[in-house]
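Model the placement of chain B on the given structure of chain A, informed by the hints.
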Amino acid sequence: MNTAPHITASCSISENTVRKNGQVLYSLAGKEPMDLFVGIYQHYALEYPRFYKMDSLAKLGWLTSEILLKESFDANAYEPEQTGLILCNANASLDTDIKYLATTNEIASPSVFVYTLPNIMTGEISIRNRFKGENAFFISESFDAAFLQQYVSGLLNQDILQACICGWVELLDKEYKAVLFLVEKKETPGAVLFSAENMNELFYQKEASNG
Amino acid sequence: MSEIYIVADNIVSPIGVTTGENFSQLTHQVSAIKLQNNTTLSPESFYAALFNSDSPYRKEDETYTAFEQLLIASISEALQNSGLPAGDKRTILIISSTKGNINLLENHSLHKPTHERIALPTSAKLIKQHFGLYHQPLIISNACISGLLAILTAKRLIASGQYDHVLVAGADIISKFVLSGFQSFQAISPEPCKPFDKERQGITLGEGAATVILSRERKNTDNIKIMAGAVSNDANHISAPSRTGNELAYIIKKAIKDSGLTANDINLVSAHGTATLYNDEMEAKAINEAGLGSVPTNSLKGYYGHTLGAAGLIETIISVRSLQEGIILPTKGFEKSDPSAQLTVADNFIREPLQNCIKTASGFGGCNAAMLFSKQ
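Protein sequences, first through last, are from chains A and B.
Quick note on this note's numbering: the first sequence kicks off at 1 and runs consecutively.
Quick note on this note's numbering: the second sequence kicks off at 1 and runs consecutively.
These aren't lab readings, by the way, just hints derived from the structure by calculation.
Accuracy of the hints is not assured; some may be wrong.
Here are some chain A residues pointing at chain B (derived, C-beta under 10 Å) [claimed, not checked]:
| hint | residue |
| --- | --- |
| 1 | THR122 |
| 2 | GLU124 |
| 3 | ASN129 |
| 4 | ALA136 |
| 5 | PHE138 |
| 6 | PHE143 |
| 7 | GLN158 |
| 8 | ASN198 |
Keep in mind that this is a model prediction, so the values were computed, not measured.
Just so you know, even glycine gets a beta-carbon here, dropped at the ideal spot from N, CA and C.
Bound conformation, chain B alone:
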């Protein structure tokens, strides 16, 4: 079986525009979440992790939408780090997003060109041209597991021999569309989100972009290896998570088994941890059922909010950095453990040599994803 490595990555978020900047901010406990007074987005103030309105990283111009600008910024930096030629015949890009250019709907009249401009394949074409890519990018839009699913898809494309390198880039921006939707669900926390906390009150949204570059060729000795991953569906409810967590547990166990490891080998669980009542409870059940109840588990939503199509990527990159540096980050926002979501929640820095990390995600439509990353 071919080995597959993460050879370069990037995060563009409100608290940093490289992975290094972002990781450093988190080690100083800086969160991107702030109280926002933005009447274009919501008549009432709300907590979210947003770029400043004058940020060059998501400023639309005549050619590119805000979503595309974010993606381009992230891909550019990651590509530069990798030293790989973008136009290689053996390289493909996968784009992950839940809502892409949906903010355009809010500003434009509803005629045909706008539909085409909103469509993700239009963004994919523009990004292909921008970087001179050889292949048309693939696009994944599978709710909140999009980012992890895109990494898994990339791994499969390399393992099957179709490509040598895959760029995986994800982004979402927070528009009135997205915010009002989560508000209508009464899912938005009135305070910065508190993953796995007894008094958690819901999610905080965030925006950002992230890129990982996968390759069958290791570039540095500390490159993290992608071991295995899987996806499942609860087949239970379109917007509420599974009552049992069995379907998430199943793929966590599968990822461990397919990696040739056991639960005892796992040093870190990077959970989805959205801080909704039911998500965190379901995840805790699943993580316990998979035999990982005593493994340090964190959620990064307290730093970035829920960045939707970028979340799986941002959180993977931070967890990869954790493995490399031997630092488990505390779960920002977590204070009191919840008997109904009992886990070994990391609430302080843990500094120790780390080998294997499980990253999970779950989303609307009943989907779950799990991936195992390993330091070799």
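So here's chain A without its partners, still in its complex pose:
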């Protein structure tokens, strides 16, 4: 398999809108983030009770990954060790950190504390899809497509991974944005080359379409 890495699917959830491969799939106006996430979960009839246990950040990342992979990913094509996740955001798990600290005034909650690490979201997506390969969580002020492209391409080109979900999942208070890319070493209909330019185009799509 010497095909260059391609983005074989993308999915974003931001500003009340779900987009898959650049197309608007679903929109729910005027909702608070948590209501929106539950609305999306119900709309797609995703049956996964663990969803309700997750913190907001994991809910957002998990939902985005579900819609990303739905009808776009052949799980049987890879060994679990060949699939991985490289994610990033700006504020780590600060949204849940604040909620956890509030519980310590009464009784510190272990079920909230466990989500005070950003890579718990990585764990949730890994559990759901049996992704057992490389995983890493990077923190950066803004989405760094050039870095992500180099890092993930390196993992694929050296056969450390054969398929990788990478991207940005950020949530703090009522601000949120998730954009995930499925990257594989194959060309499928609609796939685009895995480049910083193509990632940025999908990442900043909303702003662009509003002109």
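Positioned in the frame of chain A, the structure of chain B alone reads:
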């Protein structure tokens, strides 16, 4: 393939502020763990490895938080040792931390500037300015494997030709946030932690910072080479380790294979060894499955406690020093072996020529990391 060496390092811990001081303390069996009576952190007394409250190494001032002060102290000393110019275009810094400035949440009202001040990219910018670095630092926050993952990332950045030198620095401080969280999990040991011991009762937390500087240019003949490393996920549970240890075993074997070695070539396993019931049991299964059950294995948690984002770095540096000096350190706290976590736990000093060491780590989120270091 390019060769990559550790050319300088530093540990700032409650028992020493250079690698030399720290290693010397460990060879004298000094532990940083003490009974703490600190009602700001916990209403009850607890064991932990903490800096004294008046320590200059983690004293926040108007510019830097306690976390940043620790990082700066460690990076400064390592840089000085390396003789490398910090501002070089071919040099980048990677910062490793699990909770960074989270203690600020405890002292400040929750308004926007505080969120920005807490955010790790703010610390990265300040540290970049402090040292006059050319590039914006990368930041890794991946639970307890952060330090090892940062070293692996650094190795990849050099191997791919993007950089010639990478500074890898990690730190975490113990705040009420972190301590109460582990207490809520009932994961804190009521006595100094006892890794791999039959009667282990959980972890002891610690704080510290450490820096390693990786380079494609060997500086001294005894510089240790970074051979290979890998990361995996259990895909099993978000806070409990794998039941089988298969995923950790897989990457230990991969690191050995990618180094062109076999299990027989490994002289030392520096385990994560947190002293929780399930971590140590899982690790023992993995180490055995990887064919290393008869190789001397130690955990350094009995000296430093679990230093979170600094742990992988501190333990790598001590293990590197072990290879250089030919001394395997005993696992402090270990007395009786556990049939369910059976390993060749180093319980005394072993002095012999050492060639290859495997360092492992595992953490929340189901993540595992393994790296192989070699004396050439």
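Status of the hints after comparison with the structure:
For THR122/A, the interface hint holds, since its Cβ comes within 10 Å of a Cβ in chain B; the closest pair sits about 6 Å apart. A distance limit of 10 Å between C-beta atoms decides the matter here; for GLU124/A the minimum to chain B is near 6 Å, and the interface restraint holds. With its C-beta approaching chain B no nearer than about 8 Å, ASN129/A sits inside the 10 Å limit, and its interface hint holds. Interface hint status for ALA136/A: upheld, as the beta-carbon distance to the closest one in chain B is roughly 6 Å, under 10 Å.
For PHE138/A, the interface hint holds, since its Cβ comes within 10 Å of a Cβ in chain B; the closest pair sits about 6 Å apart. A distance limit of 10 Å between C-beta atoms decides the matter here; for PHE143/A the minimum to chain B is near 12 Å, and the interface restraint is violated. A distance limit of 10 Å between C-beta atoms decides the matter here; for GLN158/A the minimum to chain B is near 9 Å, and the interface restraint holds. Taking 10 Å as the C-beta contact cut-off toward chain B, the hint placing ASN198/A at the interface is violated, the least distance being around 21 Å.
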